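Asker: Fit the two chains together into the complex; they arrive one by one in their own frames, and the hints show the way.
First to last, the protein sequences are chains A and B. Following the numbering used here, the numbering of the first sequence begins with 1 at its first residue and continues without gaps. Following the numbering used here, the numbering of the second sequence begins with 516 at its first residue and continues without gaps.
I should point out that these hints are in silico values taken from the structure, not numbers from a laboratory. As the structure is a prediction and not an experimental result, all values here were calculated from the model. Do not rely on the hints blindly, as some may be mistaken.
Said to hold, decoys possible - Subject to a maximum C-alpha distance of 25 Å in a straight line, what follows is the list of computed BS3-like cross-link-like pairs (lysine-lysine): (1) A/K87 with A/K146; (2) A/K118 with B/K756; (3) B/K756 with B/K636; (4) A/K412 with B/K636.
Claimed, not checked - Far from chain A by the CB rule (all over 10 Å, computed), these chain B residues: (5) T518; (6) T520; (7) L533; (8) D593; (9) K628; (10) A680; (11) R691; (12) R696; (13) P749; (14) E763; (15) R794; (16) L852.
Just so you know, even glycine gets a beta-carbon here, dropped at the ideal spot from N, CA and C.
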Amino acid sequence: MTGPTNSRHGMLFHTSEFIFLFLPAAVALHFILARHSPHAAIVTTTITSLAFYTWWRPPFVLLPVLSILANFWIASYFTRLDERAAKRLLIVGIVANVAVLAWFKYADFVVSIFEGRKPGLPEVPLALSFTTFVQIAFLVDIYRRKARVEFAPYAMFVAFFPHLIAGPIVRWSELGPQIAEKFRYRVDWNNIALGLTIFTLGLSKKVLIADRLAPHVGPVFEAAANGAPLTAIAAWGAAFAYSAQLYFDFSGYSDMAVGLGLLFNLRLPINFAAPFRATSIIDLWRRWHISLSRFLRDFIYVPLGGGAKGAARRSFNLFATMTLGGLWHGANWTFIAWGAFHGVLLTINHAWRKLRGEREPTRARRFAGWLATFIAFVIGMVFFRAADIGAAVLILKAMAGFGGATGNEEIKVAWDFWSMRMGYVSEDFARVWIGSHWSVVGSLLTAGALLVAFIIPDTMELTDYREGEPHSQWRRNVGLLAWRPSFPWLVVLALLFGAVFANLLQFTEFLYYQF
Amino acid sequence: MRTRTFAFCFLAFLALLLGSTMAANVIIDPEAVFDPGRAEMRVNSNSRYLRYLEYREKGRDAEALLFGSSRGNIFERDVVAQRLGVAKVQNFSVTYGMITDHLPTLEYVIREKASRGEKLKSVVLMLDIAHFGKPPWTNINLDGFLAPEVSGEHPARFWWRYVTAFQFRAWRATIRKEVGRRVAEAPERPLRSLGAPALAGMLPAWRPPQLPLAQPAAAETKQVQRRYDVVLRPMVHAHLKLLARFVEVCRQNGVALTVMTSPLSRANASMYDAEEPRRVAHRISEIVPLWDFGIPAVLDRGEFWLDYSHFTPGVARILLDRVTGQPGAPPEELGVLRGRP
Numbered sequence: 001m002t003g004p005t006n007s008r009h010g011m012l013f014h015t016s017e018f019i020f021l022f023l024p025a026a027v028a029l030h031f032i033l034a035r036h037s038p039h040a041a042i043v044t045t046t047i048t049s050l051a052f053y054t055w056w057r058p059p060f061v062l063l064p065v066l067s068i069l070a071n072f073w074i075a076s077y078f079t080r081l082d083e084r085a086a087k088r089l090l091i092v093g094i095v096a097n098v099a100v101l102a103w104f105k106y107a108d109f110v111v112s113i114f115e116g117r118k119p120g121l122p123e124v125p126l127a128l129s130f131t132t133f134v135q136i137a138f139l140v141d142i143y144r145r146k147a148r149v150e151f152a153p154y155a156m157f158v159a160f161f162p163h164l165i166a167g168p169i170v171r172w173s174e175l176g177p178q179i180a181e182k183f184r185y186r187v188d189w190n191n192i193a194l195g196l197t198i199f200t201l202g203l204s205k206k207v208l209i210a211d212r213l214a215p216h217v218g219p220v221f222e223a224a225a226n227g228a229p230l231t232a233i234a235a236w237g238a239a240f241a242y243s244a245q246l247y248f249d250f251s252g253y254s255d256m257a258v259g260l261g262l263l264f265n266l267r268l269p270i271n272f273a274a275p276f277r278a279t280s281i282i283d284l285w286r287r288w289h290i291s292l293s294r295f296l297r298d299f300i301y302v303p304l305g306g307g308a309k310g311a312a313r314r315s316f317n318l319f320a321t322m323t324l325g326g327l328w329h330g331a332n333w334t335f336i337a338w339g340a341f342h343g344v345l346l347t348i349n350h351a352w353r354k355l356r357g358e359r360e361p362t363r364a365r366r367f368a369g370w371l372a373t374f375i376a377f378v379i380g381m382v383f384f385r386a387a388d389i390g391a392a393v394l395i396l397k398a399m400a401g402f403g404g405a406t407g408n409e410e411i412k413v414a415w416d417f418w419s420m421r422m423g424y425v426s427e428d429f430a431r432v433w434i435g436s437h438w439s440v441v442g443s444l445l446t447a448g449a450l451l452v453a454f455i456i457p458d459t460m461e462l463t464d465y466r467e468g469e470p471h472s473q474w475r476r477n478v479g480l481l482a483w484r485p486s487f488p489w490l491v492v493l494a495l496l497f498g499a500v501f502a503n504l505l506q507f508t509e510f511l512y513y514q515f
Numbered sequence: 516m517r518t519r520t521f522a523f524c525f526l527a528f529l530a531l532l533l534g535s536t537m538a539a540n541v542i543i544d545p546e547a548v549f550d551p552g553r554a555e556m557r558v559n560s561n562s563r564y565l566r567y568l569e570y571r572e573k574g575r576d577a578e579a580l581l582f583g584s585s586r587g588n589i590f591e592r593d594v595v596a597q598r599l600g601v602a603k604v605q606n607f608s609v610t611y612g613m614i615t616d617h618l619p620t621l622e623y624v625i626r627e628k629a630s631r632g633e634k635l636k637s638v639v640l641m642l643d644i645a646h647f648g649k650p651p652w653t654n655i656n657l658d659g660f661l662a663p664e665v666s667g668e669h670p671a672r673f674w675w676r677y678v679t680a681f682q683f684r685a686w687r688a689t690i691r692k693e694v695g696r697r698v699a700e701a702p703e704r705p706l707r708s709l710g711a712p713a714l715a716g717m718l719p720a721w722r723p724p725q726l727p728l729a730q731p732a733a734a735e736t737k738q739v740q741r742r743y744d745v746v747l748r749p750m751v752h753a754h755l756k757l758l759a760r761f762v763e764v765c766r767q768n769g770v771a772l773t774v775m776t777s778p779l780s781r782a783n784a785s786m787y788d789a790e791e792p793r794r795v796a797h798r799i800s801e802i803v804p805l806w807d808f809g810i811p812a813v814l815d816r817g818e819f820w821l822d823y824s825h826f827t828p829g830v831a832r833i834l835l836d837r838v839t840g841q842p843g844a845p846p847e848e849l850g851v852l853r854g855r856p
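Only chain B is shown next, with the shape it has when bound in the complex (with noise of 0.2 Å):
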């Protein structure tokens, strides 16, 4: 083979790996950011940025902010508003969402009212105690990049990255699921309409590709990895940093912080050794008021949860019932509140 052809031909792959690369990512769009009108049909979507676009088109208005994690979704809107006593509330909850993400959101959003002359009343901060200090999202996973806007980056290279993943998984996984639901959603034909009556006795009988089951898959593994999943915290002083400096930003612009932990079901809380939640709460109780719902007992019956994680949206209610002081108040052994107000 000739040099030149040998050259040529290396450079054609990558030619066509990144091209190919490139198509795959925007046709298929796993964190749906090319697309996110299609975020609820893919397996990999960036809250954050959809987050952020929802704020952009419909939330411009609110007066104040909800922070959280996939638990903060649980929150519903109107209530949040009607308990702030606000008009409006934007809920910025994202997977696994941290303080690394909450603090960039909310600089960005009180610069971008600034800059129309607007401002900021309230804001609710709700942490999850078993992560926080833990080793983020932010920025790290695909589905887990903030907005150009929020986190400063340059546009370019957010799409770029976005372009150019390898993510061969994700694409299959959004694949199986859009297969899926298409299949799920045909209505059923018989055989025979096909025009082959006579294979329907041969043939074995066809399901749709079952997707693997989120939620019972990741209890067993958790009820397996329990001995193993040590809580670690590498970065919990860089966290509490970041939270003084989120609770400072509310203080400098008038906001309204209401500080308060995820309540953690009695499942989910075996997984760790109580006193170390109750540590960290303390700590983050020193930097600011904290609402630390801990392991509460009552509710500790399953109806209160849709899962070991997510507690119901009445739950929801209760918590926000609490820490509003609303008249006729959830019991007093829910929650207590830690540090100086």
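Next up, chain A with everything else stripped away, as it sits in the complex (with noise of 0.2 Å):
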């Protein structure tokens, strides 16, 4: 097809086609084969998962498959196998699954070091990033455990679509043994509630914040990746715009797993525990993206050596682990230097809890605790949607004032020009410090994203869903705002669903999708 299309992006969570369609059919066929047996449940979720993965571009549906039949084979060896061998046959797997990740995401970057160019954007099968973990955590969980591994219910754990592509990264002692619950084969209203209830708000996230902030963030990087001029209210605007944007993006996601988890009557673990209201960097990965985290600190920080071997092995540790969690992103080095740049962050936080000790802060501490967090969660979220390192570059330069703006920018987007003609923003003003690539519009919806992102509970607080967190104390009492099964909630729905299904036409992808 010549035309822009979005038939290559696979059927989204927030598609109509998969919300009216898929799901229903895959719930439903689920159920009724339940009935006849759990095992005939399993293989047909299994199936339907891969059929939601072939939709993307049915050829590569092999890889799922062969990487399912490989790592199943390479299981089901350990508990034949004697010590040594067996552990030679874990790290083979755990090469193998890497080397596939390696040829497809980072085989193009490696040869642009050594040619010296640029690297060009790989094509990555869609969730190859977040299966390899999974089946390296599965790997490693076994082999540890000498289980005897069950082929169906091993292929759904894998497969199964609510996580499949953008996690969250599931362990096999977390899924697995649900998968072999008789129990969860009969329907539960409860669960189908609370998932139709944690779904629609994840949806809402994505589509009614998230995608709103999308049209603003772009021109302005854009800018940037092309050396245009910068304001720095434009460039800190779509820092603090691109961060909110990937929250409500992610984060709605992996609400959306969770809910349609539900509907099945697993409990896959959240991934988000409103980050933006962490008040230091170790808190903040705490809280963001919980199960590559979780990831990270098992199979490489601690391997490693963790803590245990002094301040300076562990920076060097936690350097190094940020480091590759930002190569997992994406083979670019701009999310190198992502990577990086939190490795940094998180060695000075650790020193700096070295030096004040175990106090607890005062009220005030606290707050700029927060506020240092934030801005320097914003600051990194520039590399991380940089083009290239001269365009993040270009943009922190504006953020400190020296973005070359000069003072009378031609104005280039045009979400302030009714506000202009009304009146209510002088094109004076505009020129001067908002430039060509940003708007008062922009800054307006970023601020209330912002504010929804820091005063409104999330959604795992509203619904007390508390599955594979690592600890409690972020959550909030919400109070009457609780979720539960009423009318007041039952028009909330109601009303965000029939925002979201309004705004179903405006095709967009899920950012995640891309890492």
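Answerer: Now the structure itself:
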């Protein structure tokens, strides 16, 4: 097809065909066949999950299928081999998984380093980054426990469509036992009601907030990629806006995954715990993409020695772990820089904690900690979103007031046109302060989105869903807002879904699909 | 409330929302895809799909194609056919038509004709230089989706989209247009005939709902918008590539290709930096010889224009005469052939 199309993006959770066709059919088939036997339900849901994947690009379904077969074969040998041979096989398994990921995702990047050119945009098979980590965690788990695994539950564990393509990165120890429990194959209306609620709240985050911010973020980062001058307000505005966009996009997706899991009576772990309310970088990484943080901690940081070998070694381990974590997001120096930046921040945070001791911080210190954490996170996001290091540096310079804006910029986005015509925004103000690619509308929308993130309780707080959370100190008392099957909540959900439905035609994809 | 009741009520709401949306789309049909016969009465007709249907129904024997934007609709088919020396021309001009529309359509027609052992002889491609490289409508807006046979999209996906799109404004505008049309067509009846003479003095004078007048409103907006309407061509490279492919497809299939730009009126051109469209025309001419009509001074008089954007059928004929080198051709200062033939 020649024209722009969304067909290659697959059937995403926020498309009408997924919500109204695929999902009801998949849930109905699962429970109808569960009446005959749980095994039939497991096989069916594995097949529907692969069909979900196939929607994106049919030939690529071979990859998860082969990955499932190969990893199962390796895992099934652990119980038959002696310790040394099993360990060797584990290493082979991990290397093979990483090699497949490296081939698809990093080959061109590595070649580009030697050739001294810019890396191209690799076509990474959907879900590869996530399933690679899921498979590695599975192999390590089975190796350690020497447990026997049946093929069908394992295949469903890997392929289960709610977490297949963008996480959360689930562990066999979390999902495997649930898949084996017979009572989960009966329809549970409590889970369906809760699942529909969490799914709708996640969908609203994605469609009503993240997607509204996307068109404001793009022009500023594109301008930076082209070396265009930027005002400080534009650079800060776009960095804040992208931070909010990414948070609502990915946490919305994770909420939807949890909600979908509940429709099948399976409880997936939460992935976000209101990270924008974190008061330190250490705290932030316990609340942002929790399943990835957990993986990096258990499979990179701890094996490297963690914090047990002194402060200097811990700093190195943190730096290495976060840099690799950055690289996992994409084959680009910007991601490496982002990971390294967070490695440095974590090191500073640990040093600060050691200096300060374990005293309970005052309210003012907590506020200062929150502000510093949030600003540092936003600055890091510039690397995450920028097309290359040059563009990131340009935006950072603009944030410092050295973006090269002349004070009489040509207005190139039309968002403020109406307010200028009505006299609410002066054209001179826009030319001098806002610049060519940002807008007052973008600023207001960003402020609104951030207020929602700061003030309104998170989905998991409202619904009191706690599966897999590392600690519960982040939760606030939501009082009367707490979800319960009631008429007011029904109205809220109906209104939210109605608003989402009216916007479903705007084709966007989840940001985390590309990682 | 029991959780089961809660879940049922919410699912019922979803079903109702979907069902009513589907019904509204099929009945109101703002894009005229369900009943193409109502296209004239619709506010958001999908001209791309309608052009496809037109070709399927009565254009398959065409020997030549005309591609363009809404400006291409001004050309009279018989005149185009006569100037190109073919028996019949199929017009594939569509609203805001761009190379993203034209290339898949050309490929489809060549494919379709080949399956019947026929060949295309000639193609006229008219590009709007002011829009070249800008984000297209193709497969983005609801009125811009190509027919599945043209785009390669699965028909189920195409139809699912039109059935499930929640398009409140388009529904409302279509209903208003329909009501306005019926009121305008209805014979005037004195109030007495309604059997309520006493009410006549009490009722305010009733007028049919006024449709927004597209033309003046658009012109006014453009006027004010001028300062901000910066020419942004984020997709110029992609569109040049598609154009190169278009030329290559014509070459491979032995199709005579004529490429021209549509002339810009002085009013329209004032919104752009005059040099900028010329640069784009130059880049196009590096790919294919281009009849560039630019901002022709000879067409400065208002009588040549239907509005600030569209020229008259008379001008269309003059343009055709110029590019086909008809005897007694129009003034030489109208249009220049850029690039090597």
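Asker: Each hint: holds or not?
Answerer: Evaluated hints:
1. Distance check on the hinted pair: A/K87 and A/K146 sit about 11 Å apart at the alpha-carbon level, within 25 Å; holds.
2. Distance check on the hinted pair: A/K118 and B/K756 sit about 21 Å apart at the alpha-carbon level, within 25 Å; holds.
3. Taking the CA atoms of B/K756 and B/K636, the gap is near 23 Å; set against the 25 Å cutoff, the hint holds.
4. Restraint check: the Cα-Cα separation between A/K412 and B/K636 comes to about 43 Å, which exceeds 25 Å; the hinted pair is violated.
5. A Cβ of chain A approaches the Cβ of B/T518 within 10 Å, the least distance being about 4 Å, so the stated non-interface status is violated.
6. Non-interface status of B/T520 relative to chain A is broken: a Cβ of that chain comes within 10 Å, the nearest being about 7 Å off.
7. For B/L533, the condition that its CB be more than 10 Å from all CB atoms of chain A is violated, with the nearest at approximately 6 Å.
8. Every C-beta of chain A lies more than 10 Å from that of B/D593, the closest at about 30 Å, which supports listing it as non-interface.
9. At roughly 18 Å from the closest C-beta of chain A, the C-beta of B/K628 stays outside 10 Å, upholding its exclusion from the interface.
10. Residue placement check: B/A680 does not keep its beta carbon more than 10 Å from all beta carbons of chain A (closest about 5 Å).
11. Distance check for B/R691 against chain A: the nearest CB is about 19 Å away, which clears 10 Å, and the non-interface claim stands.
12. Distance check on B/R696: its Cβ is at least 27 Å (rounded) from any Cβ of chain A, clearing the 10 Å threshold; non-interface status holds.
13. Its closest Cβ contact with chain A, about 8 Å, brings B/P749 to no more than 10 Å, contrary to its assignment away from the interface.
14. Every CB of chain A is more than 10 Å from the CB of B/E763 (nearest about 13 Å), matching its label as outside the interface.
15. No beta-carbon of chain A comes within 10 Å of the beta-carbon of B/R794; the shortest separation is about 17 Å.
16. The beta carbon of B/L852 sits about 27 Å from the closest Cβ of chain A, which is more than 10 Å, so the claim that it is off the interface holds.
Hints 4, 5, 6, 7, 10 and 13 from the list above are not met by this structure, while the remaining hints are.
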